[in-house]
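Chain Z is already provided as a structure; the job is to place chain F on it using the hints.
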Amino acid sequence: MADLTFDPDEHGELFSAYLDGQLTPEEVAVVTELLDGDLEAIEEFLSLRNIRTRLRLLPEFEVPAALLPDGHLGDRLSAYLDGELVTLEHRRVTNHIVDCADCRVELQELDRARIAVRSLPGVETTVTAEIPATVVPHRRRRIIAGGIGAAAAAALLVGLAVGGGDDPVFILNDLATRHIARASAEPGFAVLPASIEVAAP
Amino acid sequence: MTDEFTPTWEDVAHRYGRKIYNFAYRLTGNPDDAADLVQEVLLRVRKGLPSYRPGSFEGWLWRITRNAFLDGIRKKKRRPESALPEGDHHALGSSPSPDEVLASIRLSDNVQAALLKLPYEFREAVVLCDVVGLSYDEIAEAADVPVGTVRSRIHRGRKLLRGMLTWPI
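Residue numbers (the working numbering), protein chains in the order written: chain Z, 1238 to 1438; chain F, 24 to 192.
Hints are supplied without guarantee of correctness; some may be wrong.
[To be verified] If we take Cβ atoms under 10 Å as the criterion, some of the chain Z residues that face chain F in the derived model are: (1) GLY1249; (2) GLU1263; (3) ALA1266; (4) ARG1291; (5) GLU1297; (6) PHE1298; (7) GLU1299; (8) PRO1301; (9) ARG1355; (10) SER1356.
What the hints contain is simulated information worked out from the structure, not anything from laboratory work. Keep in mind that this is a model prediction, so the values were computed, not measured. The beta-carbon is built from N, C-alpha and C at its ideal position, and this holds for glycine as well.
In isolation and in its complexed conformation, chain Z is listed as follows (with noise of 0.2 Å):
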């Protein structure tokens, strides 16, 4: 390579592109010769790495926290309950929960509510075909046992109940009403409290 005279207004930009990692093998080789010695590409060397420091020392400010999402998890707590998460997905809740208490205490609110709906006993006659919209108290029906939280809680909305016994359906009509209460002074959620024991028909 043929000796190089630096000049500020060439080879300036190639030294601030070389403090950011930008140039090529062929550029840095430049650089480097150009650096060899050359006390005036030092000093402007120097100099732009002194300018880039100081920037990047800059102190980064926190973004107000009302800006943001309160970043929970929300209605994926019941999806990855339910394994109905794709992997990444899953990977991602999974890290979330780790780290943030709240999502393990609504999970855990979410899995009891999910095996009190799972281990509800079976019942003897079909299922209706129609649901209805309100729950009329004195009249059997059938619940749909089965399902996941989130159908669970809206099939106590839409005033699903369990046959036979005296009345258990006042029980969940009152559970469905303690429900759209708390669902509707928090929006978003859609957990059935800890403490409630669904009554054996």
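Same frame as chain Z, but now just chain F:
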């Protein structure tokens, strides 16, 4: 972010909200403008995600961020009661003399003040590189200019800053 799955806007907010906020803060020196930009960008991300196709997510996001920032400046230009960032006055030809600039910049916390004196294109390139941490390729994609232009802008921006700041520290 190079995931094959499109992130949710909540993911975007948490992963990039801070970077977007700092980008805007360093460009404007103003926390209110920075907060406004974060809100606007997240709104645009939320609207745009359904039509986003997996690819260079960073490029897509920073293009949105840059456009939102420039739209904000244009709105302010239509409202004369709102002051432009100082560097934009500079870009419009009302630049202070070097002595005025030097006098206005105190030794403490002077980098931010110097940044605000840069013409917008240089300031943007420097902030995206040194504050946000984007590569030249990513900056080129966000600003829709060739990589060589990005390289030139970053260098010229740093040279201007060097002229305004005392050296060594």
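Hints and how they fare:
The beta carbon of Z/GLY1249 is positioned within 10 Å of a beta carbon in chain F (closest approach about 6 Å), and the interface hint is therefore held. Against a cut-off of 10 Å between C-beta atoms, the interface hint on Z/GLU1263 is violated, since the closest Cβ of chain F lies about 15 Å away. Given the 10 Å rule on beta carbons, the hint for Z/ALA1266 is violated: about 17 Å separates it from the nearest Cβ of chain F. The restraint placing Z/ARG1291 at the interface with chain F holds, with a minimum CB-CB distance near 5 Å, inside the 10 Å limit.
For Z/GLU1297, the interface hint holds, since its Cβ comes within 10 Å of a Cβ in chain F; the closest pair sits about 6 Å apart. Of the supplied interface hints, the one on Z/PHE1298 holds, with its beta-carbon coming within about 6 Å of a beta-carbon of chain F, less than 10 Å. Interface hint at Z/GLU1299: satisfied, since its Cβ lies 7 Å from the closest Cβ of chain F, which is below the 10 Å cut-off. With 10 Å as the threshold, the beta carbon of Z/PRO1301 comes within range of chain F, its nearest partner Cβ sitting at about 6 Å, so the hint holds.
The restraint placing Z/ARG1355 at the interface with chain F is violated, with a minimum CB-CB distance near 28 Å, outside the 10 Å limit. Taking 10 Å as the C-beta contact cut-off toward chain F, the hint placing Z/SER1356 at the interface is violated, the least distance being around 33 Å.
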